[in-house]
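Residue strings, one per chain:
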Amino acid sequence: MSDAHVALKGVTRVYQRAGQEPLEALGPIDLDLSAGEFFAVVGPSGCGKSTLLDVIAGLSQASAGTVSIEGKPVRGVVPESVGVVFQDDASFPWLTVEDNIAFGLNRQGMDAAETNRRVAQALALMGLNDFARAYPAQLSGGMRQRVCIARTLVLQPRLILLDEPFGALDQQTRLLMGDELLNLWRKTGATILLITHALDEAAMLSDRVGVMSARPGRFLEIVETGWPRGRDSTIVASPDFGRVTGRLWSLLRAESLKAMQYQTGAARP
Amino acid sequence: MKLATKLRVAVLMGAVGLVETLCQTGAIARFTMIPPSEMASSLWRLLYAGKLQTDMTRTLLAVCAALTAAIVVGFVAGAVVHAIPRVRRTIDPLLSAYYSVPVFVFYPMFIVLFGLNDIPKIIIGFLYAVAAMTINTLNGLDRVAPVLLKTARVFRMGRAATGFRVVLPAAAPYLFTGVKLAVAYSFIGVVGSEFILSSGGLGYQIGFAYHNFDNRTMYALILFILGLVMIVNMSLHAWEKMLMARRGYQ
Ligand SMILES: Nc1ncnc2c1ncn2[C@@H]1O[C@H](COP(=O)(O)OP(=O)(O)OP(=O)(O)O)[C@@H](O)[C@H]1O
Ligand SMILES: [Mg+2]
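Order-wise, the sequence lines are chains A and B.
1 is the number of the first residue of the first sequence in our numbering; add one for each residue after it.
1001 is the number of the first residue of the second sequence in our numbering; add one for each residue after it.
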């Protein structure tokens, strides 16, 4: 057993479909994330990124291979130390923003004072102070996603899985939210796995970027960025940044073309 | 008042005014229909004399019984059918064909079985309403976004907590639609049954007046039922709007 925070060995995921042949969505994947590392995943659309997240979190059972978190195998139950922000909007429309954020804390039976303190902190961090009493229906898609991020962060997870959390944000806000995420990562020492379709975001935020192939998604290469821990968004101006994004793009170009052709039906895997 | 509301009121007033004129000028004969103003005054007299009390109570109690049973049974049936996909595949076509069955044809059978009391009409009201509740429960459960269920698993919620804290509130708007339809259908079932054959109730009194050429009472009662259903519907509508406003929808 390795001492990695997250360890995947030979993980695949095959979806059984009624009346159709099974769909190989993922793998085989071998991956070790060390504690406190910031790891980004990029890959063509439909390559199995969200599937990878589900399998790591224990929301979906690996068809082969093993997943372990903090040395314990993950099977069917999401470990307590894991926080997940999904690609789709998962805010509860029947709760106000603050009640949404407090939801997990209330489930844990956290006392009111501490809950209020953490919710207030998260509201400020996510720029949602003026919307504490609003409902998700009154927010933009990007703001709803921030509610979901806040709802996860207040639980102070040791492993945070984020699936395109900034997808609905404009470029400037993305950069700023990226800085916030880096601050948070440094402060909490959490391990972060971030799925994104934005190469610059992956390059700017992470220690390593896993580049996935077209479906079934495997890691083509894991690119080390070599950034210092104290980095922020100003890094985009450095020549090394261009080198990293250039490398990511050269790996992804051919795969993205493939994925596009599957989708348009021009070629079959 | 919104423009649409103003228009609706104007159309309604116009229609009533037109009927009033046609009746008053004799274009519509008195033995066919009495003028709306007379319907209203006749209804007022009936209400004032307390003559509707017994029948109204009887009808409303029957509607409440049918409605409660339909909501409970319809919800439970919807939840169970939703949980078992095999049953679902069998039931779905039956449910969508349900309202092509004229439930009233079973009414004589229920009278034979249970006697000429309130039970047969409650059963008819129930049968009319229960499918609407079942269908809308299924619909609501179908539309609970998978990501919300995943979220519940991330919070390590059990079946009960997921059901009460996530699935129910997420499906609530559809359940409310089911309840609204169930109210309308149980009214139709109960009043219709009373009209056909019964020993009392508003529908029975309308039938009685009809057979005795008592237009004043008949139209007064029709007006009364229309008013009653309208008030119930408008209250439900207002309540629904309030619930949606509580979720920030306009
Ligand atoms: N529950 C499921 N049943 C069957 N097939 C599925 C299921 N979930 C995903 N798939 C398929 O598996 C493949 C990978 O899906 P996944 O959502 O993991 O990709 P992704 O990389 O996250 O895509 P995107 O970039 O669009 O977010 C897709 O072809 C998808 O259609
Ligand atoms: Mg995805």
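Among the hints, a few may not be true.
[Unchecked claim] Straight-line distance between alpha carbons at most 25 angstroms, and here's what the computed BS3-like set of lysine-lysine pairs gives:
(1) K1150(B) - K72(A)
(2) K9(A) - K1150(B)
(3) K1006(B) - K1241(B)
(4) K1002(B) - K1241(B)
(5) K1180(B) - K1241(B)
(6) K1002(B) - K1180(B)
Think of the hints as simulated: they come from the structure by calculation, not from any bench.
Hints and how they fare:
At roughly 21 angstroms between alpha-carbon atoms, K1150(B) and K72(A) fall within 25 angstroms of each other, so this suggested pair holds. Between K9(A) and K1150(B) the CA atoms are separated by roughly 24 angstroms; this keeps the pair inside 25 angstroms, and the hint holds. Of the supplied pair hints, the one linking K1006(B) and K1241(B) holds, its CA atoms being roughly 19 angstroms apart against a limit of 25 angstroms. Pair hint K1002(B) plus K1241(B) holds up; C-alpha atoms about 15 angstroms apart against a cutoff of 25 angstroms.
About 13 angstroms separates the Cα atoms of K1180(B) and K1241(B), which keeps this hinted pair within 25 angstroms; it holds. A hinted pair counts as satisfied when its Cα atoms are at most 25 angstroms apart, and K1002(B) with K1180(B) qualifies at roughly 24 angstroms.
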